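Trainee: Next come the chains, spelled out residue by residue.
There are 2 protein chains.
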Amino acid sequence: ISYPPPAIKSDSGDHTKWGEVETMLNMAAERIKKMGGKVELADAGTHQLPSGETVLLPPVILAEFAKDPKKATLCIYGHVDVQPAKMEDGWATDPFNLTEIKGNLYGRGATDNKGPVLAWLHAVESYQATKKEIPVNIKLIIEGLEEVGSYGLFKLIKKRRDSFFADVDFIVISDNVWATTTPALTYGTRGSSYFFVEIEGPKLDLHSGVYGGSIQEPMADLIALLGSLLDHTGKIQVVGVSDDVTPLTEDERKLYDNISFDLEEMKNVVGVKHFLQDTKEEVLMARWRYPSLSIHGVEGAFSDPGSKTIIPRKVTGKFSIRQVPNMDPPDVERKVKEHLEQVFSTLNSPNRLKVTATVGAKPWVANLQDSQYVAGQKAVKDVFGVEPEFIREGSTIPIAQTFQEETGKSVMMLPISGHDDGEHSQNEKISRYNYIEGTKLFAAYFYELSLLH
Amino acid sequence: ISYPPPAIKSDSGDHTKWGEVETMLNMAAERIKKMGGKVELADAGTHQLPSGETVLLPPVILAEFAKDPKKATLCIYGHVDVQPAKMEDGWATDPFNLTEIKGNLYGRGATDNKGPVLAWLHAVESYQATKKEIPVNIKLIIEGLEEVGSYGLFKLIKKRRDSFFADVDFIVISDNVWATTTPALTYGTRGSSYFFVEIEGPKLDLHSGVYGGSIQEPMADLIALLGSLLDHTGKIQVVGVSDDVTPLTEDERKLYDNISFDLEEMKNVVGVKHFLQDTKEEVLMARWRYPSLSIHGVEGAFSDPGSKTIIPRKVTGKFSIRQVPNMDPPDVERKVKEHLEQVFSTLNSPNRLKVTATVGAKPWVANLQDSQYVAGQKAVKDVFGVEPEFIREGSTIPIAQTFQEETGKSVMMLPISGHDDGEHSQNEKISRYNYIEGTKLFAAYFYELSLLH
Chain A
1 ISYPPPAIKS
11 DSGDHTKWGE
21 VETMLNMAAE
31 RIKKMGGKVE
41 LADAGTHQLP
51 SGETVLLPPV
61 ILAEFAKDPK
71 KATLCIYGHV
81 DVQPAKMEDG
91 WATDPFNLTE
101 IKGNLYGRGA
111 TDNKGPVLAW
121 LHAVESYQAT
131 KKEIPVNIKL
141 IIEGLEEVGS
151 YGLFKLIKKR
161 RDSFFADVDF
171 IVISDNVWAT
181 TTPALTYGTR
191 GSSYFFVEIE
201 GPKLDLHSGV
211 YGGSIQEPMA
221 DLIALLGSLL
231 DHTGKIQVVG
241 VSDDVTPLTE
251 DERKLYDNIS
261 FDLEEMKNVV
271 GVKHFLQDTK
281 EEVLMARWRY
291 PSLSIHGVEG
301 AFSDPGSKTI
311 IPRKVTGKFS
321 IRQVPNMDPP
331 DVERKVKEHL
341 EQVFSTLNSP
351 NRLKVTATVG
361 AKPWVANLQD
371 SQYVAGQKAV
381 KDVFGVEPEF
391 IREGSTIPIA
401 QTFQEETGKS
411 VMMLPISGHD
421 DGEHSQNEKI
431 SRYNYIEGTK
441 LFAAYFYELS
451 LLH
Chain B
1 ISYPPPAIKS
11 DSGDHTKWGE
21 VETMLNMAAE
31 RIKKMGGKVE
41 LADAGTHQLP
51 SGETVLLPPV
61 ILAEFAKDPK
71 KATLCIYGHV
81 DVQPAKMEDG
91 WATDPFNLTE
101 IKGNLYGRGA
111 TDNKGPVLAW
121 LHAVESYQAT
131 KKEIPVNIKL
141 IIEGLEEVGS
151 YGLFKLIKKR
161 RDSFFADVDF
171 IVISDNVWAT
181 TTPALTYGTR
191 GSSYFFVEIE
201 GPKLDLHSGV
211 YGGSIQEPMA
221 DLIALLGSLL
231 DHTGKIQVVG
241 VSDDVTPLTE
251 DERKLYDNIS
261 FDLEEMKNVV
271 GVKHFLQDTK
281 EEVLMARWRY
291 PSLSIHGVEG
301 AFSDPGSKTI
311 IPRKVTGKFS
321 IRQVPNMDPP
331 DVERKVKEHL
341 EQVFSTLNSP
351 NRLKVTATVG
361 AKPWVANLQD
371 SQYVAGQKAV
381 KDVFGVEPEF
391 IREGSTIPIA
401 QTFQEETGKS
411 VMMLPISGHD
421 DGEHSQNEKI
431 SRYNYIEGTK
441 LFAAYFYELS
451 LLH
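Line by line, the protein sequences give chains A and B. Those letters in the first sequence? Residues 1 to 453, by UniProt numbering. Those letters in the second sequence? Residues 1 to 453, by UniProt numbering.
Don't read these hints as lab results, they were simulated from the structure. All values reported here derive from a predicted model rather than from experimental measurement. Check before you lean on any hint, since a few could be wrong.
The list treats identical chains as interchangeable, and a pair is accepted whether it falls inside one copy or across any two copies.
Here are the simulated lysine to aspartate or glutamate pairs, EDC-like style, with alpha carbons at most 20 Å apart [said to hold, decoys possible]:
1) K33 - E64
2) K273 - E200
3) K17 - E338
Take these sequences, add in the hints, and give me the full structure.
Mentor: See below:
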């Protein structure tokens with residue numbers, strides 16, 4: 001079956017189309033109001049585009065249902081904007097017309113994050129429909145710019161810390177995926193810093209035939225610098241950069257035993273003969289709880305197909321370091337700069353080195369003894385009959401760390417999306433199974449959380 | 001003053017505009033005929049474009065003036081096609097309207113190579129106008145595709161070796177520039193091989209947050225390989241690759257003493273604090289008579305401005321090695337491949353390495369005891385009153401090596417273009433001085449060469 005339009009193409013990538021995002025937010029707000037929620041469309045302020053133009057941001061939904069001071073208050077975060085999607089990208093079905101095929105619901109936003117947002121509302125509705133009291137007070141914060149970096153949201157959270165967030169006990173986010181086919185609770189994300197290593201030499205690009213051999217080429221300097229960052233086992237060579245990595249405890253190590261991650265299957269999915277590590281546990285830890293460094297590319301050198309015999313005058317190498325607790329991004333930045341400057345000094349180069357960094361997000365890790373994780377674990381057992389996998393994300397999801405830091409509240413990530421849902425890709429989907437069982441999980445989670453409060 | 005059109009825009013870069021190149025060749029042919037030359041517009045055959053399409057090549061002018069079997073026969077090479085040029089590229093004057101400013105004649109092709117071709121014709125005309133017998137037999141070979149790689153020319157030379165070239169004693173080329181403000185004879189050019197180092201890893205580009213730390217990244221392998229090629233003094237680290245470099249003799253070393261190359265001025269022109277070498281002689285030798293290796297760039301990695309956090313699945317590093325006598329390009333290729341494979345084997349990588357090479361041109365060096373160089377030296381003294389500088393070109397000029405190899409004749413490069421003429425650049429020019437004194441040099445050269453025969 002195919003669900004008819006109107007579809008709202010709330011792709012937030014192009015700011016000239018944020019009208020669609022607002023339409024989507026308004027639709028969500030109306031839905032919540034109909035359910036008896038009190039909704040504020042909170043002003044998110046303005047944002048300066050790279051062009052210098054300042055634009056008004058779409059609002060953020062701040063909503064709450066009837067409040068009982070005796071109950072715990074849970075604030076649910078979600079977003080209703082999506083990544084771009086077009087048939088021409090290789091979708092098998094219209095990405096903005098939800099289409100069911102063999103138990104999967106295909107459509108942009110199906111799993112990231114409209115599906116899970118609806119599942120939260122369904123969980124509330126399930127109590128309402130069965131005339132049962134919702135066992136926790138529910139608040140909602142729903143934004144429309146997650147896919148472009150949540151402009152305005154962090155400021156709004158700070159501003160409402162002592163009002164909207166004052167009575168919140170727990171914040172829950174369902175905006176990521178399971179690691180395997182087993183339900184999961186996510187208790188950490190890596191942070192990231194992005195580095196630009198610029199080497200500037202001659203005034204102009206030079207002919208390598210005419211000048212080659214007499215010039216200390218910026219590209220040769222850059223290759224030497226980039227080559228000093230890693231050894232071939234993937235170990236970061238920047239002195240001291242991994243010093244602050246939280247040591248692995250026995251309790252933490254045990255969490256990895258239970259994860260049904262299939263190393264052979266993953267080799268096939270990725271298409272590699274072997275990973276840098278030999279065991280499932282080591283590979284997952286490398287992705288989740290240890291830092292990593294990736295070299296992404298070089299700007300300013302010849303990058304087209306074919307051949308060109310130029311000595312580029314200025315080249316910029318780009319790499320990023322994924323960071324974990326308790327690494328401190330400014331400290332990492334300082335150590336990387338010192339390292340690069342030290343290596344550069346050994347090159348006796350007439351060229352100029354400039355290292356700049358942008359900090360993407362801080363790493364985040366939650367306390368698994370926290371009530372939310374205990375309740376989450378019980379809810380998974382209630383609905384799925386299995387123990388959840390306790391997982392982390394290798395990529396940054398800044399919102400978790402921001403909530404924790406800005407509000408001081410307990411934060412959990414409670415995914416219901418499948419590991420093969422293809423968020424951001426063509427043919428994004430959520431299965432009926434995950435959607436319906438996920439809704440049940442949320443409802444059970446309200447209940448289990450209330451018991452612990 | 002400004003010379004009126006019709007200008008012929010004989011830019012050979014775009015094959016759909018080769019009609020203009022033919023118009024230019026026809027104009028040159030008519031001019032030679034009017035001077036009493038016998039002209040053949042020789043069929044140069046066909047060429048296959050990268051698209052697969054086969055196109056007819058413009059003809060090549062093969063011309064000769066009256067022949068006296070007692071005289072030596074000199075064959076002059078030149079080309080009448082040019083590099084592209086547009087006002088928008090930053091020209092101060094219309095590139096296809098020859099414009100004189102303060103003794104310089106600005107226009108595309110003024111120095112590369114229409115000006116020198118005309119100077120050769122003027123040198124012949126100077127004998128005709130003064131009713132003096134030309135002291136050598138003159139042949140001309142003039143092409144219209146030099147700037148794109150002389151398609152068809154090398155085959156034609158081979159085909160006419162025993163006919164057009166059979167009675168040729170000397171081949172002279174004036175298609176390069178002086179090294180300084182002093183007239184020069186050019187006796188060598190470097191050759192070149194271009195290398196592609198491809199590392200292919202995962203099936204797809206990967207998110208560095210999700211996978212970083214578990215994957216041996218193709219870019220890290222590539223950086224390790226590229227970093228193994230050179231040390232920071234510019235010395236090539238590939239074992240054995242420089243073994244066949246002709247040792248420097250005392251006679252050759254002395255040639256460098258006389259070159260009025262100003263190292264400080266060159267630092268300013270290029271915009272570097274220092275070269276890899278300290279003295280004028282060392283810098284020139286590094287550019288002309290020793291091999292060099294330049295890393296040009298990486299294809300497949302992130303190369304745009306800004307940041308992107310992808311682990312690229314396949315990257316191709318590109319570098320070239322400038323080669324000198326008696327390095328042998330196939331031997332160099334073999335040694336480079338062995339070196340890269342050896343280094344790669346130490347990385348224990350699951351990725352796949354593929355090294356390919358294209359040979360651009362062989363190195364070329366002439367014998368300075370050859371009559372042409374003796375005559376050239378005398379002609380420079382006759383006209384300019386100074387000793388010429390004996391110079392080499394760091395870049396490839398395949399035509400000299402091709403003539404020498406295919407015809408077995410003596411080859412000399414006798415430039416009349418200034419070192420600051422900006423061939424291939426905006427505001428290309430030849431000075432009135434170089435144009436007129438260059439014409440005299442050519443006429444004197446005919447005379448001096450005849451004395452030695």
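Trainee: All hints, please: hold or fail.
Mentor: Outcome of the hint check:
1. In the homo-oligomer, the alpha carbons of K33 and E64 lie at most 20 Å apart inside one protomer (10 Å), although the nearest pairing across protomers, at 95 Å, exceeds that limit.
2. Taking the shortest alpha-carbon separations for K273 and E200, only the inter-copy value of 12 Å comes in at or below 20 Å, while the best intra-copy value is 38 Å.
3. In the homo-oligomer, the alpha carbons of K17 and E338 never lie at most 20 Å apart, since the shortest distance is 44 Å inside one protomer and 55 Å across protomers.
Of the numbered hints stated above, the single one contradicted by the structure is hint 3.
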